Structure formats: structure tokens, C-alpha cells
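Asks: One letter stands for each residue in the lines below.
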Amino acid sequence: MDTNKELNQAVAELMKSGDRQALAEMIVEYIQPNHITIDFVSMLLNSRSLKPGDSLVKKLRKGLEVHTLVPGSIHLAHEITVSDRVNYVLDGSDVKATWNEWEMENGEIGTVDEIRTEMMAKLKDHWQNKVFTALSTVWTAVNTPSNFINVGGAITATALEDAIDRINETTGGVRAVVGSRAAMTPITKFGAFWSDTSGTKTAVSDPAVEEIRQTGMLGRYYGTSLVTLNQIYDNLEDYQPLIPTDKILVIGENVGEFVTFGDVKTKQYSDMRPTPPQWFMELWQQYSLMIWNAQGLYVIGGLS
Amino acid sequence: MEINHYGDTILGVVTTSEIVEGRMVCLTSHTASRDYGSLTDVPGAKLPASAAEAARSRYVITFEQDNRSLPLYQPQPAFDWALRYGWDQAANAPFSATVYLTHPGVQEGLTIPSGVGALAFGEGLYTVPSGCYVYAATIEVPGTQLEVAFTDPDKGKLQVYNAGGIVAEVHRYYSDGRLTFKILH
Chain A
1 MDTNKELNQA VAELMKSGDR QALAEMIVEY IQPNHITIDF VSMLLNSRSL KPGDSLVKKL
61 RKGLEVHTLV PGSIHLAHEI TVSDRVNYVL DGSDVKATWN EWEMENGEIG TVDEIRTEMM
121 AKLKDHWQNK VFTALSTVWT AVNTPSNFIN VGGAITATAL EDAIDRINET TGGVRAVVGS
181 RAAMTPITKF GAFWSDTSGT KTAVSDPAVE EIRQTGMLGR YYGTSLVTLN QIYDNLEDYQ
241 PLIPTDKILV IGENVGEFVT FGDVKTKQYS DMRPTPPQWF MELWQQYSLM IWNAQGLYVI
301 GGLS
Chain B
1001 MEINHYGDTI LGVVTTSEIV EGRMVCLTSH TASRDYGSLT DVPGAKLPAS AAEAARSRYV
1061 ITFEQDNRSL PLYQPQPAFD WALRYGWDQA ANAPFSATVY LTHPGVQEGL TIPSGVGALA
1121 FGEGLYTVPS GCYVYAATIE VPGTQLEVAF TDPDKGKLQV YNAGGIVAEV HRYYSDGRLT
1181 FKILH
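If you read the sequences in order, they're chains A and B. In terms of the working numbering, the first sequence opens at residue 1 and continues consecutively. In terms of the working numbering, the second sequence opens at residue 1001 and continues consecutively.
Among these hints, one or two may not hold up.
Stretches of chain B that chain A covers, calculated by requiring three or more beta carbons in the stretch to come under 8 Å of a beta carbon on chain A [said to hold, decoys possible]:
no., region
1, 1034-1042
2, 1078-1091
3, 1153-1164
A few chain A residues facing chain B, derived, Cβ under 8 Å [stated by the list, open to error]:
no., residue
4, Leu90
5, Gln285
6, Ser288
Think of the hints as simulated: they come from the structure by calculation, not from any bench. Because the structure is a prediction, the values reported are computed rather than measured. Positions of the beta carbon are idealized from the N, C-alpha and C atoms, including for glycine.
With these hints in hand, go ahead and build the complete structure from the sequences.
Replies: Encoded structure:
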């Protein structure tokens, strides 16, 4: 009740002062669209910021060789050799919004700051989706048979341990196992217990069982950290999940690189031809990405 | 091609074949994709192959803008992905490519490769060099109505109206063969 009273007083003061802009900002309550708050891009890819003029070529210099010393001889030299690759096809993302100035004044569509924030978030979402698309495109039974499994159901101990074994072999070790809560929770069914090979003796980790009982999650398994992500839905109307629920990622190393090319550019202007004028705001940035070490990641896919 | 006056429509498109800058194109679908899904939200552009397509070829095509350092290479070699450190695939350098010392968009009559971004200009005034249209004596007359050819080797070239769909009209003909035309709304 007190809150309502304060709100009514504030609204009344704004109406009295004639500040319609402030009033509009106050009385319009939005259910804002949601965005992915986990930075998937940097989780999987190194990132660099390039400027126009920077090289888009990667070069590798191979090592030198050592020969036996034969005193008095002219020893073999090795000319320095370089192997190079042209890596990046520059790409760009653009988000542009427009609204009538009356709509802004009456608060129908929110404030300029809110919309700019939303636009920046959409750019980031777009790049995160690039990563998700890459995950489904690159890591398949055909492309990466040693780094992919299609489970076809809930995660199993065998699938998870095989994935961790593989990443321990191909990289410096597993940094994290990452997935949505729906995909990761079944690990709690087998992660807190230990059976010998005959299956007749089972050891139970009391702290792990207690952790599962309290949180529904398990923090570590098979020597690795488990990171459980809570699902986010885009908005209350479409209600589409933003984090894939059909895969768990076993991450060993960054598998590639995401480069931005120049800064996020912006422009805003008002088209004065219509009356009231039409407002435009636009953000854009150039970027590129490449998966150049697919074996640094294991995808446990086909989860349901 | 020279842009003299453009209107509100400058569409980003994807070429579905090699197209000489300055040709008239219509919108279509395409299968190009880049960097895991880019370009898929952009319409394709094609040279008209029928009277119906010619009638809706109301866009003149040119190169997209580019801020890479010169010289430019076309095509630009790249890897989609590699299993191991980026070096387990056959080298993509050295490579064979067309080298541009000046951005092709500020030159005239060069060919836009297939499957890349390009700009489709709608209503406005544009000047194309000789060879970008089908000559007839009446094309030198301002106000002459123009349609788009849809048969080889003139696909996408403007020509004097002959029972097709009128998409443009002559603004000025230059003695050196350049033609300024206005794409109609």
C-alpha cells in the first residue's frame, strides 16, 4: 500500500510539472526481452580486436634441427621455413531500429538508452548464435568422429567419461564441462557414487550427495569442473530457449578465434520529412571467426 | 557505374552468379552462407532469365563497400574450420586470385563474383558505360522508356522498350557512350 501511495504521489507530481517524457518513462512498465548472459564466445574462442589494416594471415615458423658436431666439417644449415594460411573472411553485423518521436515521447517503446542497450545485447546474442551454429555444424559424427557422440537420451557416465578421456588426451586437460541445467542434471544420478568393476561394491560420497540434495547440481566429476547454466528464454510471447539443451560441451582449450575488425560504430539521426520526425539508431561492427582447433572440444550431442 | 542520385532503397544482396557491375537484377533466393550463417538473411540477386523477371529487375547492382587494406584479392581464400591447430588442411596460400589495386567499386564495368555481398540500388539516377545497355538510336533521346533484356548475351542490360516491363527511362546520353538513366519507382 505504501508503495502504491508513493507511486501515485510521484505520478501526480510529474503530471503537475508537465514533464511528459519523465512521466512516460515512469508509468510504462516493460517486460524486457532476455539475453544470454553467459559469454559463450570467449568460452570457446580466443578473441582479438583488430583494426583496419591489420593482417588477416596466420604464419607458422617450424622449428630448427640439431646435428652431430663433426669437428672440422661444414655443418648443415636449415633455412628458416614459414607456412602461412589466409584465415579470415570479414563479416559484419548490423542492428538498426526506428520509431516515431511521438512514440518516444509517450513512452510506448521505452527510452533511447533502453533501446541502445537492447541493440548491443542483440549484437552479442547474434555472435553467440554463431558459436551455437558452429557447434552444430563442425562437431558432427562425420566431421569430428573422435570428438562427438550422439547420445540419444540423457547423458550417461560412459559418454561423459569417454569425452573427458578424449580431451585429456588431445589437450592439456579438461577446463570445464558445460551445459544447460536440463542437460547436466542427469549427471547427479551417477556422479556421486562409485562402483567397482564387478558392480558389487559401491562407494558413496556423502559431500557430493549432500551437494546434489541441496542444489540439484554436482560441482565436480571425474576430475573435472561441471558448470551448469540456467536456461534463459527470449521473451514471454515467443518463449524460445536461448541456451541449447541438446548438448554438453567438454572444453579443453579454446578451439578458435573470434576477431572484431574495428570498433562498434553507431549513428543516430532524425528523418525530418515525416511529421512528427522519425528517429533512427543503428549499431554495426565487422568481425570474423574461425574454428582452428576442433579437437580442443568434445561435444556430447543428441541429448534429450 | 556512377551513382548520381539514389533514393531510399539500397538493398544488400548476394549474387547468385558472376554479374557485371551496372547490370539490372531482380531478387531471388540463394544458398550462400558465410561464417556459420551470415548472408542467409539477405536476398539473392540474379540476372533476369524471363520476361517476368525482367519486368521486376528494378535494381542496378554494384560492389559492396570494403575497408580492407589494398590490394584486394578475389576470391579471398579462407578456412571454415580445422581439426588440429588450423594447420592440418592443405595450405590455402599461395593462392590464385584476381588482384585489385583499387577497390573495384570505384572502377567501371568490373565483374562481381558469385556468392558474395553486393548492393542493389533501387529508384534513382545512375550512369553506366557503353556496353552496359543495348544500343539503339532512340536510346540517345531523353525520356525514352527502357526495359531489361533477359536473353544472352544481353541479360540484365537496359534496352529500348519493346513490349516488356518498363523499369527506367533515359535521362541523358553522352557522346562517349555513357548513359544516364532513371530507375522508376
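Asks: Does each hint fit the structure? Answer for all of them.
Replies: Evaluation of the provided hints:
1. 1034-1042: holds (count 5)
2. 1078-1091: Our answer is that it holds, as 11 residues pass the Cβ test (under 8 Å) against chain A, meeting three.
3. 1153-1164: violated (count 0)
4. Leu90: holds (7 Å)
5. Gln285: Not OK, violated: Gln285 (chain A) not within 8 Å of chain B, min 12 Å.
6. Ser288: With a closest approach of 6 Å, the Ser288 (chain A) hint holds.
Hint check: violations occur at hints 3, 5; the rest are consistent with the structure.
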